[in-house]
Amino acid sequence: MQAPGQTQQVPGAPGRGEAGRGAAGRGQAGAPAGGRGPAPKVPPEFDALPIWKMDAPKLIAMVKDPNSTLFQKAIACKKLSISGGREAIAPMAALLSHPQLGCYARFGMEPNPDPSVDEAFRAALPNLKGRLQVGVIHSIGFRKDAKALDALTRLMSDGDPEVAGAAAASVGMIGGLQAAKALQAALKTSKPPVFPVVARACLMCAEGLMANNRTRALELYTTLSATSMPKPVRLAALRVLNAAGPAPAGAKKWPAPTGAAADADTSGFLGRGRQNE
Amino acid sequence: MAEEKKKVTRRRFGKAVAQAGAVAAAPLIASVPAAGQPPAQAPPGPAVGPVVVARAGLLDKIVFGGIGIRGRGMNDLRQLISDDRVQFVAIADVQESSREAVKSFVDGYYSNNDCQMYRDPADLLARQDIDALLIATSDRWHGPMAIWAAQAGKDMFCEKPASMSIMESYALADNVRRYGVVYQSGAQRKNQFAFEFAVGLARSGMLGRLLAVHADTAIGLGTVDEGGHGWWPEEKPEPDPLVVDWDKWLGPCLWRPWNSRYPAQGRGQFWDFHAGLLEWASHTVAMAQWAADMEYTEPVEYEPEGGEFRGDGLIGRYTIYCKYANGVQLVLRNHSWMGMGSCSNRFEGTEGWVETGDSGNIEVSPNLKSLVPTRTGVRLDPTTEHIREFIHSIRSRIPPRANAEVTAHTHVASHAAWIASQLNRKLTWDPAKRMFIGDEEANRMRSRAYREPWRLESLATCM
Numbered sequence: 001m002q003a004p005g006q007t008q009q010v011p012g013a014p015g016r017g018e019a020g021r022g023a024a025g026r027g028q029a030g031a032p033a034g035g036r037g038p039a040p041k042v043p044p045e046f047d048a049l050p051i052w053k054m055d056a057p058k059l060i061a062m063v064k065d066p067n068s069t070l071f072q073k074a075i076a077c078k079k080l081s082i083s084g085g086r087e088a089i090a091p092m093a094a095l096l097s098h099p100q101l102g103c104y105a106r107f108g109m110e111p112n113p114d115p116s117v118d119e120a121f122r123a124a125l126p127n128l129k130g131r132l133q134v135g136v137i138h139s140i141g142f143r144k145d146a147k148a149l150d151a152l153t154r155l156m157s158d159g160d161p162e163v164a165g166a167a168a169a170s171v172g173m174i175g176g177l178q179a180a181k182a183l184q185a186a187l188k189t190s191k192p193p194v195f196p197v198v199a200r201a202c203l204m205c206a207e208g209l210m211a212n213n214r215t216r217a218l219e220l221y222t223t224l225s226a227t228s229m230p231k232p233v234r235l236a237a238l239r240v241l242n243a244a245g246p247a248p249a250g251a252k253k254w255p256a257p258t259g260a261a262a263d264a265d266t267s268g269f270l271g272r273g274r275q276n277e
Numbered sequence: 278m279a280e281e282k283k284k285v286t287r288r289r290f291g292k293a294v295a296q297a298g299a300v301a302a303a304p305l306i307a308s309v310p311a312a313g314q315p316p317a318q319a320p321p322g323p324a325v326g327p328v329v330v331a332r333a334g335l336l337d338k339i340v341f342g343g344i345g346i347r348g349r350g351m352n353d354l355r356q357l358i359s360d361d362r363v364q365f366v367a368i369a370d371v372q373e374s375s376r377e378a379v380k381s382f383v384d385g386y387y388s389n390n391d392c393q394m395y396r397d398p399a400d401l402l403a404r405q406d407i408d409a410l411l412i413a414t415s416d417r418w419h420g421p422m423a424i425w426a427a428q429a430g431k432d433m434f435c436e437k438p439a440s441m442s443i444m445e446s447y448a449l450a451d452n453v454r455r456y457g458v459v460y461q462s463g464a465q466r467k468n469q470f471a472f473e474f475a476v477g478l479a480r481s482g483m484l485g486r487l488l489a490v491h492a493d494t495a496i497g498l499g500t501v502d503e504g505g506h507g508w509w510p511e512e513k514p515e516p517d518p519l520v521v522d523w524d525k526w527l528g529p530c531l532w533r534p535w536n537s538r539y540p541a542q543g544r545g546q547f548w549d550f551h552a553g554l555l556e557w558a559s560h561t562v563a564m565a566q567w568a569a570d571m572e573y574t575e576p577v578e579y580e581p582e583g584g585e586f587r588g589d590g591l592i593g594r595y596t597i598y599c600k601y602a603n604g605v606q607l608v609l610r611n612h613s614w615m616g617m618g619s620c621s622n623r624f625e626g627t628e629g630w631v632e633t634g635d636s637g638n639i640e641v642s643p644n645l646k647s648l649v650p651t652r653t654g655v656r657l658d659p660t661t662e663h664i665r666e667f668i669h670s671i672r673s674r675i676p677p678r679a680n681a682e683v684t685a686h687t688h689v690a691s692h693a694a695w696i697a698s699q700l701n702r703k704l705t706w707d708p709a710k711r712m713f714i715g716d717e718e719a720n721r722m723r724s725r726a727y728r729e730p731w732r733l734e735s736l737a738t739c740m
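For the record, the sequence lines run as chains A and B. For the first sequence, our numbering gives the first residue as 1, with consecutive numbering after it. For the second sequence, our numbering gives the first residue as 278, with consecutive numbering after it.
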């Protein structure tokens, strides 16, 4: 990595693999490496390290084993987030409805690129309620699973505002023309506290469309620039529209400066003239 | 805390009274809501948000709220509140004792009882009269809270590390850009003279062709390693949410049973709550990227060396050798080898080198001695200057040095180095595709799934 003969030209360069001239050279100790104090006493039944060193088959067995503790299953899911393959998905998906372990199951499944993760999340979606359903909805959005758009669109009108909001956010993250249509429709029907989430999702969707469907994206931004929109969303949309080009021909225009103030404004500062109107 | 209040009250009382008089005398200030005024009583008018510049006229106060202020955050608050342009009106914290401590401090400073307290940060974010935020929670909440603040149209100073993962870093930058708010991270050394001088030497060409930039990560993974990847202390009955709201304290982190050890001794011992290497890399890599003029990208190679790997992280002395696309090296070490104090940096080129750190000392190669200012070795707290830059940015809408985009790239570089160290192998990174090349395990570590019901609203995901 280090270019041979380059760094060595520089006086005092700390060499690779050596402590350099720190403590010895300047009489100051370096900062203690690797800790701030004594190691905590970890109860053996709550020590993650032995589980962390297991291979995937043992971890999967631990997740499946009804005699495994919450802690064992939790840490196994965490490690499977890195090392789990296709065979790890179903055992973890079985935990999605568990009040405490549901988040660990999603943690283990979400980064796994295998498409069967998407199938598992979609299958779990109608069987969950409340927070656990919200979690799966978000994992679907994070994975940009377009096959879930129909289900998510239906959930945007769910009676639970947390579910409806999560669905809207995920639709916005997935993006595309179908998502844009669903979100634009929801802008007309949703009410607070879901409405601001729909507006933010629509903003994300518009941003996602800018690269490949600029016309549709600008239509969305125009919708979002209405005064009925949440102010942060409206201003965000206006900034994009301003950067995109001049206002359309039919847009509102301010009347030209009129009256004596404008005529008499010999100072050249129109603002000063306006103050007298 | 009582001692802090006492000190500030004595020192600042006269100043606070003078400020109150100034408010009464200046008509322009009358448009600003009184400190602590709840949203229902806020005067009619345009909602705040990205248009804060319209409110923050020369004589107007910028109305601040705080989220999760303790320890380091109290130092930020002391500096912030002493700026005449600031009116601090509210605190949100999931711990009763923390929010009461902040209220006590703020009310003592202003000699009133107006600072409002909230258990749920969402209630504070909903206040239309608050322009900007001081966010100083623990690591796990920095990213989500900053993103929420951006979506609410608030400008913010947010302590470091700014994120818990690569994807959260990008999400932060995306949301700040999308909503047009001002973001400044707690990389205070960007406003400390010794570091500015060292960076200036590198960026000016005075070091010749740049070869390597070194970043001290001294505390590094800290006690995270000692406890393993995620041990659980003994389960205890959950406290009253009014005292400690455990669900909100955990926030986006994975569920675990309550134990008072978490809020008391907290983040440094648990992987879930800690950004590991970024404890100091968020400072020193920021300076290194600045010096190398690489603030808008990341190194493309990461190769760990040394340390004792335990399967879930590493302890002992380690070095991570990184390389930018132009060949310049970024070297991260958890052992401070220069004796320049904490958070030290070294920049070296073909015609010279410079070192500095929190000691305020500056060392250079002999040929550059004449350039070193005479007053070195002064350990100045850069917080005041850093906050001053933040206030200027709120008014000017010009991003500060430690803006969200720069912060995101700093954090992506640091997270990538940490992932390489955890996997104990060389990794190759593609900054354009935002992914490691040919290493699926590393790519899986780019994000941490949020616990429900929290979510990361972002177009930047791993997929």
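Everything labelled a hint here was simulated from the structure, so no lab data went into it. Don't take each hint at face value.
Said to hold, decoys possible - Here are the simulated lysine to aspartate or glutamate pairs, EDC-like style, with alpha carbons at most 16 angstroms apart:
#1 B:K600 <-> B:D524
#2 B:K703 <-> B:E578
#3 A:K41 <-> B:E512
#4 B:K600 <-> B:E628
#5 B:K525 <-> B:E511
#6 A:K41 <-> B:E511
#7 B:K703 <-> B:E512
#8 B:K600 <-> B:D635
#9 A:K53 <-> B:E718
As the list claims (entries may be wrong) - Pulled from the structure, derived: some chain A residues nowhere near chain B, Cβ distances all over 10 angstroms:
#10 P43
#11 D150
#12 P246
Stated by the list, open to error - Going by beta-carbon spacing under 8 angstroms, a handful of chain B positions derived as facing chain A:
#13 W508
#14 K710
#15 I714
#16 D716
C-beta atoms are modelled at their ideal positions from N, C-alpha and C, and glycine is treated no differently.
Structure-inconsistent hints, enumerated in ascending order:
Structure breaks hints 1, 4, 5, 7, 8, 10, 14, 15, 16.
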